[in-house]
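Undergrad: The residues making up each chain are set out below.
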Amino acid sequence: MNELLRRLDAIPVTALVALAYVSLAFLTDPFEPATEQLIAFGAARGVEVGNGEGWRLISYAFLHGGTLHLLFNTWALVSIGPALERAIGSKSFAAIYLAGAVGGGVVAGLWNSPLVPLVGGSGALFGMLGAMLALTWKFGGHGGGGIRSQNGRQLLSMIAINLLIGFVVPMVSNAAHIGGLLAGFVAAWLGVRDARAERRRLAPAMLAALVFAAGLLLLTLHPVHRWDYHILAWNRAKTAAEREVHRRAFGLAIADNEDIVRDDDGMQREFDALQKSLAFDR
Amino acid sequence: MDTNEEARALPGARPLQRLLRALPRALLWAVACWPVVILGVGMSRPLEAVALHQSTMQTLGVALRWGAIVVLALAVLVPPFPAGIRVLLARLVARLRADRGPFLHAIGELRHLETAARQLEAGRAALGAMDARAAIPHLVRALALDPELIAARYQLGLALLDRGALREAAGALHHVVDRDPTHAFGGALLWLARCHQLGGNPHEAMALFGRHEREHGGNRRSHYWLAQSRAACADRAGAHAAFAIAAAPRGKQRLSAEEGWYRALARVALWRFPAATTRGAAR
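Residue numbers (the working numbering), protein chains in the order written: chain A, 87 to 368; chain B, 102 to 384.
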């Protein structure tokens, strides 16, 4: 027991994340949780995320949609988490897990329908793989060789196989995987430094990647290009002019036609339909 | 003419080259700023934000479709195109596979003891990792510690050339050629000639490429560059001869991506520089 506690003490973040996976599974339903339960506990759905509930971009990464999903992700976490946490430290590991979760949530949120909920730690786990790839690339891996080393080749194979599984298996959001992978890679590349290397100016490509990532995050939180944002904004609008602008933007976004909904009554019906579909999901 | 005068005589990169180099960076920033632009527009003009997003997506779709068509057409119509794609892929793979481990190791070694040789090793490792920007300070430091370290000056010339500092690269390489004309099996001579060629000094480039060919033989790339400089000096027969060597049949041996690229370029160039007898017969 003491030995187990001593081991867990060396990897507190991995242990806490695994504990959160299991606890939240039991708080919802470990076998087949209902969509409404998942939404209530923090699943990421574009409508809510774009409507002021940005915290869902993190909370979804601790929820799972069933026993198999939970077991697979927990196994992946305890397989790759401890080595990475020991290598870069608990704070950096936690930052990379969160960056992977947010990156996965952002890309999935922009790619998927705003009504589709997203759950699972796989985006964040891909973030960890991205971080390991970045570190192998940047620091040369064990015994040198960079991406050509055995570590590098194994990592690339693992990522390729898991992405392939994501494309083949239905209900898997590969957008979240890709987003998590990229976010983890960039976070580790920028955040983890070698004590031997001198501090250098940020490379233009990395700076551009950061600006792009920040822009995507803001666009996920305020999806001004999407129909659901405009129908909710129409409902909140105080003046007739504002309502008119959002009515036309909604029509343009949903059907490439500014006048698909001609008046406020039509918008009210669209809003009621959206509320009904969300309530149905809940 | 001493080294510095020689270097001062060279102009920098041409405006068109600077523009072409800036184009990928401009595209990168345009893509990077796109979400922020959509958001900024959407905050004050929601309708325009939706329209901008949709038109961007439509334009992107059209650009991808037409891009694919243009690539296919170029592959069929322009002979160097497949070789160009191959060389671009080879460079991309080399960049992706570049290993920073030896560079970091060399920096670590420098913390214990700094010598010119160790600084040179760090600079060389940085160049091996395709990071010329990181290599330059180490090579400059190596030369400060030992100004007679010819290898460091050669590597510095290569790093400066990689960064587009033609005058400074030519200065460093000229110094190497003065001291050791056969350095790096004629590499210093070749890259000095290339500096002059890129700097718009074809006569000097032609003389140096010619000397490189006489003393070291050369390969398809150096013959192609020699032919280009001869063509720039209006020596059509000489250009034809050098292009013909660069475009020679490859035999059974598979060419590297770069050799294939220069061979393809030379074959196309031969259409513009036919042999004198052929031209006469045609007339």
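In short, the hints are calculated from the structure, not lab data. Treat the hints loosely; a few may be bogus.
Said to hold, decoys possible - Derived list of chain B stretches under chain A, where covered just means 3 residues or more per stretch with a C-beta under 8 angstroms from a C-beta of chain A:
hint	stretch
1	124–135
2	290–297
Unchecked claim - Listed below are the simulated SDA-like cross-link pairs for lysine to any residue, each with C-alpha atoms no more than 20 angstroms apart in a straight line:
hint	chain 1	residue 1	chain 2	residue 2
3	A	Lys324	B	Ser145
4	A	Lys224	B	Met144
5	A	Lys224	B	Ser145
6	A	Lys224	B	Gly229
7	A	Lys224	B	Ala195
8	A	Lys324	B	Met144
9	A	Lys224	B	Arg192
10	A	Lys224	B	Asp232
Remember, it's a predicted structure, so these values are computed and weren't measured experimentally. Ideal Cβ placement from N, Cα and C applies to all residues, glycine included.
Undergrad: Against which earlier hints does the structure fall short, listed by number upward?
TA: Hint check: 2, 4, 5 fail, others pass.
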